[in-house]
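Whole structure, please, built from the sequences with the hints as guidance.
Anchor point for the sequence shown: position 224 equals 224 in full-length UniProt numbering, and the numbering is continuous, going up by one each time.
These aren't lab readings, by the way, just hints derived from the structure by calculation.
As the structure is a prediction and not an experimental result, all values here were calculated from the model.
Take every hint as true, because none was put in to throw you off.
Taking lysine-lysine and the DSBU-like style, the derived pairs with C-alpha atoms no more than 35 Å apart in a straight line are:
1. Lys89 <-> Lys182
2. Lys131 <-> Lys115
3. Lys115 <-> Lys150
4. Lys168 <-> Lys182
5. Lys150 <-> Lys89
6. Lys168 <-> Lys115
7. Lys115 <-> Lys204
8. Lys89 <-> Lys131
9. Lys168 <-> Lys89
10. Lys168 <-> Lys204
What follows is a set of in silico ranges between Cβ atoms, one per label pair, in the way DEER data are often shown:
11. Pro81 <-> Ala190: 21 to 29 Å
12. Pro47 <-> Gly161: 38 to 46 Å
13. Pro229 <-> Gly132: 32 to 40 Å
Built from N, CA and C at the ideal position, the CB exists for glycine as well.
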Amino acid sequence: MALEIGPGLGSLTLALLQSAASVIAVEIDDRLARQLPITVSENFDHPENLTVIHHDALRLESLPAAPTVLVANLPYNVSVPVLLHLLEKFPTLRTGVVMVQAEVADRLAGRPGTKEYGIPSVKAAWWADVKGAGSVSRSVFWPAPNVDSKLVSFTRRPTPGDEVLRKKVFTIIDAAFAQRRKMLRSALSALYGTSAAAEAILIKAGIDPTLRGEALEISSFCAIASIAPDIY
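Given below as structure tokens:
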């Protein structure tokens, strides 16, 4: 079962239907959502294999069937929130490829210690291994956009903890990258009252307090969250 976000006029949808048993297409535009079944019925022998849902992907909470593959041309202004939302809400998604703005793709696939590594990289790593999957030329679009596009792929892996831990970890990630040039003992001081308190937690978690958030993998943020007191 393939989940497609933003099918638009349906060219990718038709290609997906050739290889997937069935496709669920989520389209926010009412006109496009109404036209897509017509387009598919005119160009594909088994239009019943397509289910179209007129909905905002960022608010999608359930689907009529469990998707296993995600394919999406994500709206560039909300691409990270949409991808994280889908990974959270639909654990049956095992793999996928999405197209996003080039800079966003670099951040999603960023690795610790690089300038691209940040909040999108670490949060996506809670659910999946994300990698760059190639560039998309502006010439394939009409009209040609003013930004470059790239593909990113993901493969789901077991999460490092439950939902309670995830929320705690994400709060720490947000604080660590809010002022990314600060050392962790300073960046986390607002969460834990003082730099000294933050430093004590970091040391207990086995993390060098003088490191910056960009040096830590998701496992290190989990270690901090496991040691640190609950955040309210």
